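A.B. asks: What follows is the residue order along each chain.
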Amino acid sequence: METTNKPSFWQRIFGGGKTPVETEPGPVPTHDSVPIPDAPKPLPGTLLNIDLPPNDPLVAYFSSQPGVVELEKLNLDSPALRELNAQAVKLVIPLVNQGELLGLMNLSNRLSDQDYSSDDRGLLNNLATQTAPAIRVAQLVRQQQLETQARERLEQELRIARLVQQTLLPQELPALEGWHIAAHYRPARSVGGDFYDFLQYSDGRLGLIIGDVTDKGVPAALVMASTRATLRGVAIDYAAAQNTTESVVDPGQVLARANDLICPDIPPKMFITCFYALLDPKTGCLQYANAGHDVPYVKRGNSFIELRARGMPLGLLPGMPYEIQELQLEPGDSILFYSDGLVEAHNPQKEMFGFPRLSEYVATHAGGAALIESVLEDLEIFTGPNWEQEDDVTLMTLERAADDRRQTTDDDAMRGEWKILDEFQTPSAEGNEREVMKRVAEAVKDILPASRLEQLKTAVAEATMNAMEHGNKNNPDIPVAVEVKASPSLLSVHITDEGGSVPIPDNPAPDLDLKLDGMQSPRGWGLFLIKQFVDEMNIVTDEKHHTVELIWHLEDANKT
Amino acid sequence: MATPQLNLTVRQPSSTAAIIDIQGEVTGAAETPLMNAYEEASKNGARTIILNFSNLEYMNSSGIGLLVTLLIRVNRQKQRMFSFGLSDHYQQIFQLTRLNEAIGIYPDEASALQAAG
Numbered sequence: 050m051e052t053t054n055k056p057s058f059w060q061r062i063f064g065g066g067k068t069p070v071e072t073e074p075g076p077v078p079t080h081d082s083v084p085i086p087d088a089p090k091p092l093p094g095t096l097l098n099i100d101l102p103p104n105d106p107l108v109a110y111f112s113s114q115p116g117v118v119e120l121e122k123l124n125l126d127s128p129a130l131r132e133l134n135a136q137a138v139k140l141v142i143p144l145v146n147q148g149e150l151l152g153l154m155n156l157s158n159r160l161s162d163q164d165y166s167s168d169d170r171g172l173l174n175n176l177a178t179q180t181a182p183a184i185r186v187a188q189l190v191r192q193q194q195l196e197t198q199a200r201e202r203l204e205q206e207l208r209i210a211r212l213v214q215q216t217l218l219p220q221e222l223p224a225l226e227g228w229h230i231a232a233h234y235r236p237a238r239s240v241g242g243d244f245y246d247f248l249q250y251s252d253g254r255l256g257l258i259i260g261d262v263t264d265k266g267v268p269a270a271l272v273m274a275s276t277r278a279t280l281r282g283v284a285i286d287y288a289a290a291q292n293t294t295e296s297v298v299d300p301g302q303v304l305a306r307a308n309d310l311i312c313p314d315i316p317p318k319m320f321i322t323c324f325y326a327l328l329d330p331k332t333g334c335l336q337y338a339n340a341g342h343d344v345p346y347v348k349r350g351n352s353f354i355e356l357r358a359r360g361m362p363l364g365l366l367p368g369m370p371y372e373i374q375e376l377q378l379e380p381g382d383s384i385l386f387y388s389d390g391l392v393e394a395h396n397p398q399k400e401m402f403g404f405p406r407l408s409e410y411v412a413t414h415a416g417g418a419a420l421i422e423s424v425l426e427d428l429e430i431f432t433g434p435n436w437e438q439e440d441d442v443t444l445m446t447l448e449r450a451a452d453d454r455r456q457t458t459d460d461d462a463m464r465g466e467w468k469i470l471d472e473f474q475t476p477s478a479e480g481n482e483r484e485v486m487k488r489v490a491e492a493v494k495d496i497l498p499a500s501r502l503e504q505l506k507t508a509v510a511e512a513t514m515n516a517m518e519h520g521n522k523n524n525p526d527i528p529v530a531v532e533v534k535a536s537p538s539l540l541s542v543h544i545t546d547e548g549g550s551v552p553i554p555d556n557p558a559p560d561l562d563l564k565l566d567g568m569q570s571p572r573g574w575g576l577f578l579i580k581q582f583v584d585e586m587n588i589v590t591d592e593k594h595h596t597v598e599l600i601w602h603l604e605d606a607n608k609t
Numbered sequence: 048m049a050t051p052q053l054n055l056t057v058r059q060p061s062s063t064a065a066i067i068d069i070q071g072e073v074t075g076a077a078e079t080p081l082m083n084a085y086e087e088a089s090k091n092g093a094r095t096i097i098l099n100f101s102n103l104e105y106m107n108s109s110g111i112g113l114l115v116t117l118l119i120r121v122n123r124q125k126q127r128m129f130s131f132g133l134s135d136h137y138q139q140i141f142q143l144t145r146l147n148e149a150i151g152i153y154p155d156e157a158s159a160l161q162a163a164g
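So the sequence lines, in the order shown, correspond to chains A and U. Quick note on our numbering: the first sequence kicks off at 50 and runs consecutively. Quick note on our numbering: the second sequence kicks off at 48 and runs consecutively.
If you're looking for bench data, these hints aren't it; they were derived computationally from the structure. Since the model is a prediction, treat every value here as computed from it, not as a measurement. A hint or two may mislead.
Some chain U residues near chain A, calculated using beta-carbon distances under 10 angstroms [said to hold, decoys possible]:
#1 76
#2 80
#3 82
#4 87
#5 91
#6 103
#7 105
#8 106
#9 108
#10 111
#11 116
#12 119
#13 135
#14 136
#15 145
If we take Cβ atoms under 10 angstroms as the criterion, some of the chain U residues that face chain A in the derived model are [unchecked claim]:
#16 72
#17 107
#18 114
#19 118
#20 137
#21 143
#22 144
#23 148
Beta-carbon label-pair distances, calculated as ranges [what the hints assert, rightly or not]:
#24 A:224 <-> U:135: 32 to 38 angstroms
#25 A:109 <-> U:123: 43 to 49 angstroms
#26 U:161 <-> A:562: 40 to 46 angstroms
#27 A:439 <-> U:60: 46 to 52 angstroms
#28 A:170 <-> U:123: 54 to 60 angstroms
#29 U:157 <-> A:491: 52 to 58 angstroms
#30 U:162 <-> A:350: 46 to 52 angstroms
Each residue gets a CB set at the ideal place from its N, CA and C atoms; glycine is no exception.
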């Protein structure tokens, strides 16, 4: 960089910017030279801070002049020459490499007042020819170091931008009785523009947002952050203005107002696609509006419904209308919201994953969180193992439970007769989870293989800890109830606390990198471990009780 | 109520590595003893802190949270953290939580010390 930017280069080399760099040579003391007492006396070996602008005639002279120059003999109108004379410099040896002036070696008089001999000049000339290339190499090494540092800084910035963006995504998924929400976000290599968000209204309704900013990298992340804030502001403002009465918090109005606010500020050529859905969990009514986002699919039975509504992406033109649509969600319905990173993923043959493949997939596979997992697996199969992810992939599901009143151990008939293995209660006191763990393990030790027994112990202990701590607030007067039962094909452990009115939030998956970077609490592993170690987990809540049901499949217990 | 049982001993078999022997239960109650043991293990300049899990009876999610906290401190001090003596079950937990990417896992003390150099 310095070699192509002449002014700053010269300033650096010759101290015009006040800071001499290490490549600038100072006066070279010969073995018998000492500073002259009367002269304005730079000490031997010090740097001279002489301003040598690139247009000074001295520069052209030195660049073309190989070898030792006696300043006395020069007759140039040069401020730099006057400066050198004022510093009592007698001889200058320009350090030139490939036609480029790198620096000057400056010598004052010999102490003996004898003239420099021709031997001296020869030695100095030799020195200059050796020194100039060495300085050039040092400059190049230094330049490379600086470039490496700059690159590392840039990577660090991207990493921080990614962490900032991830912290803007919801840290908790909303817990609604009779509904299940799951989300997955996988950024492309650095920082992407996908986002999703949930807005909880005081009348019980829930706003769900998924969006995608065109472009990637830091600009997309910044636009994403401001769009998210705008949408929140607009939607919550509306909620306040509506005073949670009967009147509708209209998704079309939310998008229209957000669009008008975003338009004046968004950088040119950028825009945001966004889908806004408003769910009334009590009735199952879903209202929605769409700002040019990929159309979500509703799985109903073995077919799919498209959630279509007309509207332009946000940030293109102000004053746009957004059509509102409505769908009544039935028990068992499951919606998949997604970003174009999924449908526009390419396989090695350059074919796109595409909408037909996705809609077909939604219709024929289980919905909810299981759908997210299986779609990701299908994507992996489609793209092959060495896929470099082109764009962010975001998936979000909203599922209405098949039957609101009976979420646990459905299909009892199919699963055969249940036999109670043990049933007991324990006070909510720290450490009691170990007793529960031992007692449950004892009850099931004959039907579960040893490898799964350890997993069961961890899952039971963690679920009991949650029940004592979150459900019963560690109050020893409130017991945790445990029921262990088995059918020919299933083992089920119920753990019940009395924190029914407070739903337990479903934390996002703990991420060790985020934790080590201080962006997530070091704790929060409990629910994660439970989910890893059971085949199914159900949560049932009534006004008083909160039950976690842990299920293991006995027929494939030997697989793990 | 069960009282949590934990005994920690610190040894420094070489100038560069210190071993914390863990006997008993690593739960939320282990925070103060574990952090004290870490400070003792670091006071003579050990660059590698080795956790001996051979006599671990029980570790829960709070205990795993403590290991993460410890790891943050170890990283900040530019030290490394190794472990040995983990049972299959806890090795699986290390894999699921990806702690195995941040804490070297060795089968026994000799191999952990050798890797610590």
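A.B. asks: All hints are to be evaluated individually against the structure, with a verdict given for each.
C.D. replies: Results for each hint:
no. : hint                                : in the structure
1   : 76                                  : 7 angstroms, holds
2   : 80                                  : 16 angstroms, violated
3   : 82                                  : 12 angstroms, violated
4   : 87                                  : 21 angstroms, violated
5   : 91                                  : 25 angstroms, violated
6   : 103                                 : 13 angstroms, violated
7   : 105                                 : 7 angstroms, holds
8   : 106                                 : 9 angstroms, holds
9   : 108                                 : 4 angstroms, holds
10  : 111                                 : 5 angstroms, holds
11  : 116                                 : 5 angstroms, holds
12  : 119                                 : 6 angstroms, holds
13  : 135                                 : 8 angstroms, holds
14  : 136                                 : 4 angstroms, holds
15  : 145                                 : 5 angstroms, holds
16  : 72                                  : 8 angstroms, holds
17  : 107                                 : 6 angstroms, holds
18  : 114                                 : 8 angstroms, holds
19  : 118                                 : 6 angstroms, holds
20  : 137                                 : 9 angstroms, holds
21  : 143                                 : 5 angstroms, holds
22  : 144                                 : 6 angstroms, holds
23  : 148                                 : 7 angstroms, holds
24  : A:224 <-> U:135: 32 to 38 angstroms : 34 angstroms, holds
25  : A:109 <-> U:123: 43 to 49 angstroms : 55 angstroms, violated
26  : U:161 <-> A:562: 40 to 46 angstroms : 28 angstroms, violated
27  : A:439 <-> U:60: 46 to 52 angstroms  : 51 angstroms, holds
28  : A:170 <-> U:123: 54 to 60 angstroms : 59 angstroms, holds
29  : U:157 <-> A:491: 52 to 58 angstroms : 37 angstroms, violated
30  : U:162 <-> A:350: 46 to 52 angstroms : 57 angstroms, violated
In this structure, the earlier hints numbered 2, 3, 4, 5, 6, 25, 26, 29 and 30 are contradicted, and the remaining ones agree with it.
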